[in-house]
Amino acid sequence: MRVFRALFYFLPRFMYAGFRFRRMHRLKRKNPTKFERKWHVKKRYEYVAKYCRMTRYAFKGKNIVYGLENVPKTGPAVIVANHQSNIDPLFMIGASPRTLNII
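Numbering (our numbering), first residue to last: 1 to 103.
Any given hint could turn out to be false.
[Claimed, not checked] 20 Å max Cα-Cα, derived SDA-like pairs, lysine to any residue:
(1) Lys42 x Phe21
(2) Lys28 x Tyr45
(3) Lys43 x Arg22
(4) Lys50 x Phe14
[Unchecked claim] What follows is a set of in silico ranges between Cβ atoms, one per label pair, in the way DEER data are often shown:
(5) Ala77 x Arg44: 19 to 25 Å
(6) His25 x Lys60: 29 to 35 Å
(7) Val80 x Lys30: 35 to 41 Å
(8) Lys34 x Leu68: 36 to 42 Å
(9) Met24 x Val80: 26 to 32 Å
(10) Pro76 x Met15: 32 to 38 Å
(11) Lys60 x Lys30: 37 to 43 Å
(12) Lys73 x Arg29: 34 to 40 Å
Just so you know, the hints here were simulated from the structure itself, not pulled from any lab data. By construction, the Cβ of each residue, glycine as well, lies at the ideal position given by its N, Cα and C atoms.
Construct the entire structure; sequences and hints are all you get.
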């Protein structure tokens with residue numbers, strides 16, 4: 001029941017995020033140079049990570065992260081998840097203190 005309340009609380013925020021992502025995509029198609037100036041890679045990642053953290057909060061109590069203190073701040077690293085569902089990459093982005101590339 002708590003998950004449904006959390007999702008109901010976050011639903012307007014996720015809908016707004018979808019609207020923003022559609023606007024970003026439209027700008028990228030129309031004017032790629034303006035898109036890169038306005039939405040550089042780091043800013044896009046921060047925006048996505050913010051909504052990934054909101055997703056983790058919505059499922060509070062359902063996700064557990066072990067070994068986060070072992071993730072190096074810089075340099076290469078491989079982070080492996082024991083996938084229980086397709087939402088795990090979102091949880092990984094939301095929980096990680098550094099930028100991730102998901103394969």
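These are the hints, each one checked on the structure:
Taking the CA atoms of Lys42 and Phe21, the gap is near 15 Å; set against the 20 Å cutoff, the hint holds. Using a Cα cut-off of 20 Å, the hinted pair Lys28 and Tyr45 holds, with the two alpha carbons roughly 16 Å apart. Of the supplied pair hints, the one linking Lys43 and Arg22 holds, its CA atoms being roughly 16 Å apart against a limit of 20 Å. Of the supplied pair hints, the one linking Lys50 and Phe14 holds, its CA atoms being roughly 11 Å apart against a limit of 20 Å.
The beta-carbon spacing between Ala77 and Arg44, approximately 21 Å, falls within the hinted interval of 19 to 25 Å. A hinted range of 29 to 35 Å for the beta carbons of His25 and Lys60 is consistent with their spacing of about 30 Å. Taking 35 to 41 Å as the suggested C-beta distance range, the pair Val80 and Lys30 conforms, at roughly 39 Å. Evaluation of the 36 to 42 Å hint for Lys34 and Leu68 yields a pass: the beta carbon distance comes to about 37 Å.
At roughly 30 Å, the beta-carbon separation of Met24 and Val80 lies within the given 26 to 32 Å, and the hint holds. A C-beta distance of roughly 37 Å is found between Pro76 and Met15, which places it inside the suggested range of 32 to 38 Å. Taking the beta carbon of each, Lys60 and Lys30 are about 39 Å apart, inside 37 to 43 Å as hinted. Between Lys73 and Arg29 the beta carbons are some 36 Å apart, a value that agrees with the proposed interval 34 to 40 Å.
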